[in-house]
Structure formats: C-alpha cells, structure tokens
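Colleague: Read top to bottom, the protein sequences are chains E and B. Reminder that position 93 of the first sequence reads as 93 in this note's numbering, one-by-one numbering, no gaps. Each position in the second sequence, counted from 1, maps to that position plus 99 in this note's numbering.
Derived by calculation from the structure, the hints in this document are not laboratory data. Glycine included, C-beta positions come from ideal geometry on N, C-alpha and C. There could be a bad hint or two in this list.
To be verified - A few chain E residues that face chain B, going by a derived Cβ cut-off under 10 Å, partial list only:
#: 1; residue: D10
#: 2; residue: L77
#: 3; residue: R79
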Amino acid sequence: MGQLTLRIPDALGKRLKVAAGATGKSVNRWATDVLHAAVDPDLAGDEPAVLRERLARAGLLVAVELVRKSRPKTAALARARAVAGRGRRPSELVAEGRR
Amino acid sequence: MKLYADEPGHEEVRAVETLVVSCLARVEVPSALWRKCRSGELSDTDAAVLCTAFEIDYAGTSDIAPRFLVLGVPPSLLEDAARQVAVHGLRAYDALRLASARAARETDSSCDTFACTDVTLRAAAAAVGFALLPGASVPAARPQRCARRRRRA
C-alpha cells in the first residue's frame, strides 16, 4: 500500500477533519474514499456523495465558502416559517424578481 | 422557498433528501425574504432567522454539511438556456433553471424531479420529461424557486 503526502492549508486540514468526523471515518479512510470517487463516482459512498462527485466531475458544481453562523433554534425557525407562509407567498416574490 | 415558508406543498419539498439548486438562489431567496420584511409581513428577526437557515443549507458550516448541491452557470448551460427560451417561451432566469436541471439529469439520471410552481416553467419541465414537485394536487401559484431532487432508486 502506497503513501501520499500532501501540502494543504491549515484551514483546509481542519475542514477535512470535520468532514471526515461527520461520516464517522478516519481522515485517512475518508480521503481514500474521496480519491476513489475522483476516478469512479460510483465509489463515492452514499447517494448524495455519488451525485456530488458526478456533478463536480461534470464541472457543474460551484465551490461555496462555509458560513460562520449557528443554526437557528428549531422553535424560532418554525415560527418564522409560519409567518413567512402567511400573506404574499415568498415564492411569488422570487418569481416577480425574475421578470 | 418552501423550505423557509409554510406554503402549500412545503411538506413534499422538505421531505426530499438531496436538493440541487442553481447558484442564482443565493440571491433570490434572501431577496424575497427581505422584500417580505420591507412590506411589513415579516419581522426583521424572522427574516434574519430564515436567511441564516438558508445560508447554512446553501453553504454549510464547519459542523453542518450543506443541504444543497449548488450548480454554477458554465457556458454550456447558458447555451442550453438560450435554446429553452426559444422552445418554451421562458423568461431568462427560468430558462437557466430548466437548463440547470437538464444538465444535472444528463450527469445523473436520478435527478428527475423538478420543483417549481410557476405554470409556464412547470409545463416546460414536464415537456422535457421531468416529474414535478409539488404534485398536481397543490394549486399552482405564480412561480416559485426551482430545485431538483434526487430520487432514491
């Protein structure tokens, strides 16, 4: 089994650890899976990961910077959603913005 | 928008596991929420809560994976959008959404469902073979943000 040494920014290293931790895998195992996916999307893992790899390989995905915010509390989100659903529909406002 | 407002059919949309969205949504969703706020129908606090929820869904955080797969607008997609404008009589941004969905489906055939309530855009999406979300039981309003879902096999 070979070894691969990479020079990556510290911030990226931290993000990789978080991403690997979220899947319950070691960074080594997770990175290996990702590299497999780079040459065969069907080996990427779960369905969203497979789709992500396919879209990325097709050049369709955009890189998005992580946000530094906390998820709103469930009750606050539920309340806001309920209020937003009253009166003029936000989806109608989106449609108007396209005209 | 149905992720952030309790509109008719929101349960269907929120049940979808993976949503593919155009990067145009990054501007359109906050724009609609703050517009509703300016009209007095939504408080500053509620608008901020919904915008934060959207931003986290869109980009993720160091602890939370993004909910969306975000598509850009490469030249090939613009070319297809231009064709869709001619074929279906769509507005420019709607054509971009349909072209985004077509590109996703060409890449992965399971991207076979198009989420939208705009009558014209729904008709165009159905004409090119997409299943529609919300289903026909939900009254069609004048448009809605579009997204695609990946259906489980």
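Colleague: Taking the hints in turn, state whether each one holds.
Modeller: For each hint, the structure was consulted:
{"no.": "1", "hint": "D10", "result": "violated (13 Å)"}
{"no.": "2", "hint": "L77", "result": "holds (6 Å)"}
{"no.": "3", "hint": "R79", "result": "holds (7 Å)"}
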